[in-house]
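Take these sequences, add in the hints, and give me the full structure.
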Amino acid sequence: MTFTAVPEQTTEAVNAALIAVGVVLLAFLTLYLVGFDNGVLSRSGMYLHELMHDGRHLLGLPCH
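Under numbering that gives the first Met the number 0, the letters of the sequence shown match residues 0 to 63, in that order.
What the hints contain is simulated information worked out from the structure, not anything from laboratory work.
All C-beta atoms in this analysis are idealised placements derived from N, C-alpha and C, irrespective of residue type, glycine included.
Some hints here could point you the wrong way.
[Unchecked claim] Just the calculated beta-carbon pair ranges, DEER-fashion:
1) 61 to 12: 34 to 44 Å
2) 53 to 15: 25 to 35 Å
3) 1 to 50: 35 to 45 Å
4) 50 to 26: 11 to 21 Å
5) 31 to 1: 42 to 52 Å
6) 57 to 1: 46 to 56 Å
7) 49 to 13: 32 to 42 Å
8) 58 to 22: 12 to 22 Å
9) 9 to 61: 22 to 32 Å
10) 14 to 49: 36 to 46 Å
11) 61 to 1: 56 to 66 Å
12) 1 to 24: 30 to 40 Å
13) 57 to 21: 23 to 33 Å
Next up, the structure:
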């Protein structure tokens, strides 16, 4: 028995992989913003830190 790759199945697999990579990158960005940004990105002091304050405590990250 031989298997042949159908182009539709190949593009579906590539699309699924791209979506998975996008979700992982978004998760890492969210983790960075919640856990490690201490005013670096917001440029207005601690705005993002204070906005994500409860999330930091929920994840068990030290912040003060």
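Structure-inconsistent hints, enumerated in ascending order = 3 and 9
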